[in-house]
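J.: Given next are the chains, with one letter for each unit.
Protein chains: 2
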Amino acid sequence: MVTLTTEEQDSLTAARDRIQLDLQTVLDQQLLPSPLKEAVHHAVMLGGKRIRPALTYATAIMHEPILNVAARRAAVAVELIHCYSLVHDDLPCMDDDELRRGQPTCHKVFGEATALLAGDVLQTMAFEVLNSNYFSQDIEKTPRDMAVSGQQSYVLAQAANRMVQGQILDLSAENKTISELDLETIHLNKTGALIQAAIGMGALSVGIEMRDSLYSQLIEFGGFLGLAYQVQDDILDVTASTEALGKTAGLDQRNQKATYPSIIGLDKATALAQDLHQRAFIALKSLPYSAKDIEPLEGIARFLLNREQ
Amino acid sequence: MVTLTTEEQDSLTAARDRIQLDLQTVLDQQLLPSPLKEAVHHAVMLGGKRIRPALTYATAIMHEPILNVAARRAAVAVELIHCYSLVHDDLPCMDDDELRRGQPTCHKVFGEATALLAGDVLQTMAFEVLNSNYFSQDIEKTPRDMAVSGQQSYVLAQAANRMVQGQILDLSAENKTISELDLETIHLNKTGALIQAAIGMGALSVGIEMRDSLYSQLIEFGGFLGLAYQVQDDILDVTASTEALGKTAGLDQRNQKATYPSIIGLDKATALAQDLHQRAFIALKSLPYSAKDIEPLEGIARFLLNREQ
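In the order they appear, the protein sequences are chains A and B.
Heads up, the first sequence is in this note's numbering, so the first residue is 1 and it goes up one at a time.
Heads up, the second sequence is in this note's numbering, so the first residue is 1 and it goes up one at a time.
The following block holds chain A by itself, in its conformation from the complex (with noise of 0.2 Å):
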């Protein structure tokens, strides 16, 4: 067990409050309608660890220390789509769950026709928000400014791309027996997909391209955390309780999923995360860098480490 100093923990705090705010302040200038205005802040704000704008906050601020609003913007969108990916995932024709972050599922609440629709919404709003102004001083974008939310939108559509596709595969192997090859590609697609964009999104943010050698490397970054990330899921949903995940434990097993522990075992499963963490970690140290400028995604790979939830 590695524990996080006080800058790292610091600087996720610092990130947590940065995009509650940001996601409250988007919220407020929707003029949505009730219920489905009700059902998009029971999706959104009730909580969540905020794991992906917290890369793509480290990512950007990593190449220059002033967070600029093109990555505020990109964090919104990122976390959006998350919500709306767990809205759906949780409606009664997909995994049927009842709780999440402590609280009754959105459907639950809403019911189902208003949960679709807030899903649909979120969804939306994530490309809305991407291109718009928010966060600005200005009136206008500038041209540079709207080429590099069409290159995130681009990176983030792809990944929310990737993302379903991975949930398709998900529920194709439900019931069956699949190999560890096809258990990875499921999660990096339905989890490491979107964790990759996060950061992209931040790299682009402040200029880095997508050709750059840079970029790739911070890819396969992402990458190695996306896969540690959901392997460590698969574990905690054997190992914790409903009560600390604030999700429903021993879902996947009750709905037949394929995981890493009911492939390989709990004992394999536990080693490949903390060999993949390693590899995060090398993939981070080998960047262009200082020490202390990779400080907020190294802070971000140890608290993925050592969650409980």
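If you're looking for bench data, these hints aren't it; they were derived computationally from the structure.
One thing to keep in mind: the hints can contain errors.
In silico DMTMM-like pairs for lysine to aspartate or glutamate, Cα to Cα no more than 20 Å straight-line [as the list claims (entries may be wrong)]:
1. A:Lys37 with B:Glu174
2. A:Lys257 with B:Glu7
3. A:Lys37 with B:Asp182
4. B:Lys257 with A:Glu174
5. B:Lys37 with A:Glu112
6. A:Lys108 with B:Glu112
7. B:Lys37 with A:Glu174
8. B:Lys108 with A:Glu112
Just so you have them, the derived chain B footprint on chain A, three or more residues with Cβ under 8 Å [to be verified]:
9. 112-119
10. 165-177
For each residue, glycine too, the CB sits at the ideal point set by N, CA and C.
Using the hints, position chain B against chain A.
T.: Relative to the frame of chain A, chain B by itself:
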């Protein structure tokens, strides 16, 4: 009854051929796993009037005779958003419909989970295509191209957001007596917004800016057309057969939907549709373009006035 000229008919057929080909190109390049691939194909390729893409094309070629790739991407994107909305709209928790475009609905063929995910990925794909390099000979987009697609993304996202708002208002109005004004709000959001976006994205593709008065005039035309379209839809639900519609006739009544015939009666609704079409024609003719230039847009408006499905 006004008949379409041969030129108008040819222009509509050309638009339908163009979008069919472009949609097929996009779907062919998507590496979606089964059964997502088949569900997406089912939702997109099996018919449809393709009104929204035709509006995007017609707006662009009114200004520039050669159709540009940003308009072609926008046309695909708006049709994908439209298709996603139909798939989710037909789900059991929404309108619970079994027939669409003369075919069994997506969830009837592929099940609810796959239909839900197909709708989700269609929305994502819209923003992916818009910000991609599809249909272009160049390997990379120019900053100007990226700025255009960034603005188009914003317009499309706002419209898709309003569409969902319209749907929630529509659901809330079921089994209730609402005013004609409330119904207008529902329709302007549910249908009008996306029709306006189709036109707006066509305008952006040829360099017309959102702050230009020409842009506002085009959006005004789209508002009349969109509302006329939906009033006509309400009327056809009462007067046309399931066979002619390709979707279940009388469904609005079965679902106790608020419609123009139910609120103001069939005769007044018919007069209103005619009136809105006239206003659309007047808005069109006040644009600073020649009679020849506006012909394609006029043809679509006339086609909508005469449609029986």
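J.: For each hint, tell me whether it holds in the structure or not.
T.: The hints, checked one at a time:
Taking the CA atoms of A:Lys37 and B:Glu174, the gap is about 19 Å. The hint holds against a cut of 20 Å. Taking the CA atoms of A:Lys257 and B:Glu7, the gap is near 57 Å; set against the 20 Å cutoff, the hint is violated. A threshold of 20 Å between alpha carbons decides the hint, and for A:Lys37 with B:Asp182 the separation of about 18 Å falls inside it, so the pair holds. With a C-alpha separation of about 38 Å, the suggested pairing of B:Lys257 with A:Glu174 is violated against the 20 Å cut-off.
Between B:Lys37 and A:Glu112 the alpha-carbon distance is near 25 Å, which puts this suggested pair outside the 20 Å criterion. Among the hinted pairs, A:Lys108 with B:Glu112 is consistent with the structure: their alpha-carbon atoms are about 18 Å apart, no more than 20 Å. Restraint check for B:Lys37 and A:Glu174: satisfied, since their Cα atoms lie roughly 19 Å apart, inside the 20 Å limit. The suggested pairing of B:Lys108 with A:Glu112 holds, with an alpha-carbon distance near 18 Å, which does not exceed 20 Å.
Against chain B, the segment 112-119 of chain A contributes 6 residues with a C-beta closer than 8 Å to a partner C-beta. That satisfies the three-residue criterion, and the hint holds. Counting residues of the segment 165-177 of chain A whose C-beta sits closer than 8 Å to any C-beta of chain B gives 6, which meets the bar of three, so the coverage hint holds.
The structure is inconsistent with the numbered hints 2, 4 and 5, although it conforms to all the rest.
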